[in-house]
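> Listed below are the residues making up each chain.
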Amino acid sequence: MATSRPIIEVSHLTKVYKTDVVETVALDNVAFTIKKGEFVAIMGPSGSGKSTLMHILGALDRPTKGTYVLDGENVGNLTDDELADIRNRKIGFVFQAFNLLPRTTTLKNVMLPMMYAGISKNEREVTAKKFLTMVGLGDRMHHTSNQISGGQQQRVAIARALVLHPALLLADEPTGNIATAQAEEIMAIFQKLNDEGHTIVMITHEPDIAEHAKRIIHVRDGKIVEDGNGHRQKKIKN
Amino acid sequence: MDYQELFWEAISTLTVNKLRTGLAILGIVIGIGSVIALVSLGQATQASVQSQIQSLGANLLTVQPSATRTGGVQGAFGGGTTLTLDDANAIATSPLITNVQNVSPELSRRAQVTTGKTNTNTQIIGGTAVYTDVHKVTLAGGSFITQGNVDSLSKVAVVGPQVVTDLFGEGTTPIGSTVRISGQTFTIIGITTSKGGSGFQNQDDIVYVPLSTAQKVLFGVDYLSSIALEAKSSDVMTDAQNEVGYLLLGRHKFNDPTQADFSIFSQQDILNTASSVTGTFTSLLSGIAAISLIVGGIGIMNIMLVTVTERTREIGLRKALGAKKKTITLQFLAESIMLTFTGGAIGILLGVLASYIISLAAGSAFVISPSAILLAFAVSAATGILFGWYPARLAADMQPIEALRYE
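Line by line, the protein sequences are chains A and B.
Take the first sequence: its position 143, counting from 1, is numbered 191 in this note's numbering, and each next residue is one higher.
Take the second sequence: its position 109, counting from 1, is numbered 774 in this note's numbering, and each next residue is one higher.
Looking at chain B on its own, in the form it has when it is part of the complex:
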């Protein structure tokens, strides 16, 4: 009895009772399907979070004021006022700083922007000409803020596509139009291209103005909310972080780095954190799906045990006619493996289909991981062997006379 024959025997046995076969594989279908769909969903989320973070700028370091400490009371994160334009200039000009390429001092606040007819509450970023290089911002039309604009406190603004849509309607190009920000009239000189961001920080919903204008005209402050730094390459991120850290510790007169009134984040830190969060999320989902796979496997075992009992006389006959233990074991194992394999194949198809539908609905990338499919196949075969083994041994160990007598 060769393996091809075992295979056909198993198929013909399983097709005799289609409803039961269908119900038996349903558990595996759902188990494998949900593993594939959820792993794909997790990976799609991870990929989209990574690409969003990377679109914020490459080799990016961000200096932010730490939470202020006033008499032991810790203030809100980022609420400090200790970073100044002098700090930014020092970083840019100090001979000790060798690994930083561009320095972008920034002041960010939320404010109401209005055209008179329409208005929106959006993020205002005061920046300098170097902002586009550091944050990889490109323009769909017009030009960005120049050093001249900064020097002369110009009331000019560069707007994101979301702001254009909110204020002027979709598809318009309002270069030259004016908007009012906190009561001051600004002329729009440029529109940025869409970065497609969403969620916690929509990079298309921003109005850029000259840093000097933001500080002196709009908000009346002389500090910065952050300094963005572009390192010369991804290899020197840590060096750049250390150089800037020492310089600022000295300037702010701190000896103990843990007491510093600022902190420096690298793009990589954020990326790692986000990756570990989405990775945990993915494993959590897969874990839940794996439980349903185990439940499916138990379903297979249950059906196989019923089958063995029901076919006691058949087993007795087969043994009387000369079937050896191994043959009987293989016959029942072949049936359970067929069940889980068929279930696994259908599960993979449904899982891929489900992830495609999820990707369409969420507008995220359609990611199918071959490793997940391979794993699903291996797991379904292993489930068949694992949960089919006991019933198969039970059948093989039957004594032929007992089995023949069974009613």
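Next up, chain A with everything else stripped away, as it sits in the complex:
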């Protein structure tokens, strides 16, 4: 896809966790840009800072230093409620553990973000049905989340992430809790969404899952150590 306007622009991004005794630098002066239509995998071992990066990119946490511009809006130091609003309008989350509401129908789960966006109930239902059908669960709308398989639950989560047309689809180990065969289905959906123009950032530690992305960013010790195309990655100076 041709390069276009940036969705994510981070510069000098630093996150320091302080306890009484020690300071831990989780992210150290990180900078990169992700443009519209990119499919980026962020890889790294545990403790590398990739989760911290994901939290900041997801507007779930604030950086200690540096700037983060998401889809033209500076997400630097907003209040909790302003961050909630950004998450609602601009980011679609797909979590490792699916995070659907238990004992609640898939339809209601998909309707949830639209409720916080203040969309009328009728419109919510129509939109939710459309997206559930799109992920192939048109016949599971009235099943509760514990009545369907892990792969199906993750597809519900994807439908939920998409209903408000987010600028960024942010997936955190999306295949970590599901069987291999179903994992391939999930990745196929991500690839199809990317082909349609969705910008996707995916956190993973599995190389073969990361291979689905067009660009892979490797993080280690809070720094970006590699940033390159899927197969032809180039080493960047560190």
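Calculated from the structure, these hints are not laboratory results.
Incorrect hints may appear among the rest.
Ranges between beta-carbon positions, derived for each pair [claimed, not checked]:
1) A:Gly198 <-> B:Ile1022: 52 to 58 Å
2) B:Leu949 <-> A:Pro150: 46 to 52 Å
3) B:Lys683 <-> A:Asp256: 44 to 50 Å
4) B:Ser677 <-> A:Lys113: 41 to 47 Å
Far from chain B, by Cβ distances over 12 Å, these chain A residues were calculated [said to hold, decoys possible]:
5) Gln230
6) Met235
7) Arg263
Below, a sample of chain A positions facing chain B; criterion: calculated Cβ distance under 10 Å [claimed, not checked]:
8) Asp128
9) Asn147
10) Lys169
Every residue gets a Cβ at the ideal spot worked out from N, C-alpha and C, and that includes glycine.
Please build the complex by placing chain B on the supplied structure of chain A, with the hints as guidance.
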């Protein structure tokens, strides 16, 4: 997210765990139920005491001898012998007394009454023809004591319905029959209608005889146990009380009213005392019930705190998807208010039912006070807000990443 939606969300969440919801509201049900039942019970008691006192006579003043003082020793209350028929006549005829309408001199003693086969120990009241006016006594049959009976020391008696039941059996009309009181034979000339009294002074368990007969024939005394006065209206009760007080102080040669050998009670004094007693009783009961309501509220808070902890991941998710602090606060507040409101509604129903059963069992009036119900509703809603606030704020203040990570 509008309020109607909040309401349905709360209901669907609460119906997921019915047992816990049920147990949580039980405290409120018991609290509100007991407040309603006990307040109603208190008010019923108050109403029945008031109506009993009022049935003793309207605008009624009673003069009674004070406790006798003999060389510094205070005798039993009402045991004095200082009131006489002359006192009563003086009150009736004095030009200084302008606010008293009727004067009823009375002598009251307990005595054994017998028909030969049956007998009962009852109150004997010696009175005059004016007694019926002053004490609002009406007759179910026959006639009351006349001035003629009093003048001629007639051995006639008017009996209360309880006495009829005790001596002749229920439903009989023994006018013309004779009874023996302290060995003297009396002819029954009338039966009073029931006043339905009970407790300390049963107004249906009385035998009325002419005052003169009681003094001279039955008990051999020349004093009175009390003088009942009917004031001209309820507005002049205090004036009448003062007039009679001055007259009697003069007649009994006392300068200092605190040393007087008599006292004057008004119906209102007794009513006020009784009201304040039953009022205290009602507040005491409500206070105890209110404690159970607080305990119920703490139960709600406990359940809500458990709920918040248990649903940490859900809260994290909702925040990740864009729920603001206010929305989360309202969601949890809505749940606790739903709990207390449902509990309050069930409590009111049970409370009303309980007061109905109490009124049936005690034979008292079924009183439901709308203010108690209104208060109960307000209190249950307030309990929900008060005890739901802290858990709701706790949920709203969670950081989404912490909440999402929570296992």
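> None of the hints should be skipped; say for each whether it holds.
Hint-by-hint comparison with the structure:
1. A:Gly198 <-> B:Ile1022: 52 to 58 Å: holds, 56 Å
2. B:Leu949 <-> A:Pro150: 46 to 52 Å: Holds, at about 48 Å.
3. B:Lys683 <-> A:Asp256: 44 to 50 Å: Because 46 Å falls inside the window, the suggested range holds.
4. B:Ser677 <-> A:Lys113: 41 to 47 Å: Because 44 Å falls inside the window, the suggested range holds.
5. Gln230: holds, 22 Å
6. Met235: Per Cβ check, Met235 of chain A is outside 12 Å of chain B; nearest 22 Å; holds.
7. Arg263: Consistent with the label, Arg263 of chain A stays out of reach of chain B, its closest Cβ about 25 Å off (over 12 Å).
8. Asp128: Since chain B brings a Cβ to about 6 Å from Asp128 of chain A, closer than 10 Å, the hint holds.
9. Asn147: holds, 5 Å
10. Lys169: Nearest chain B Cβ about 7 Å off; hint holds.
Checked against the numbered hints above, the structure breaks none of them.
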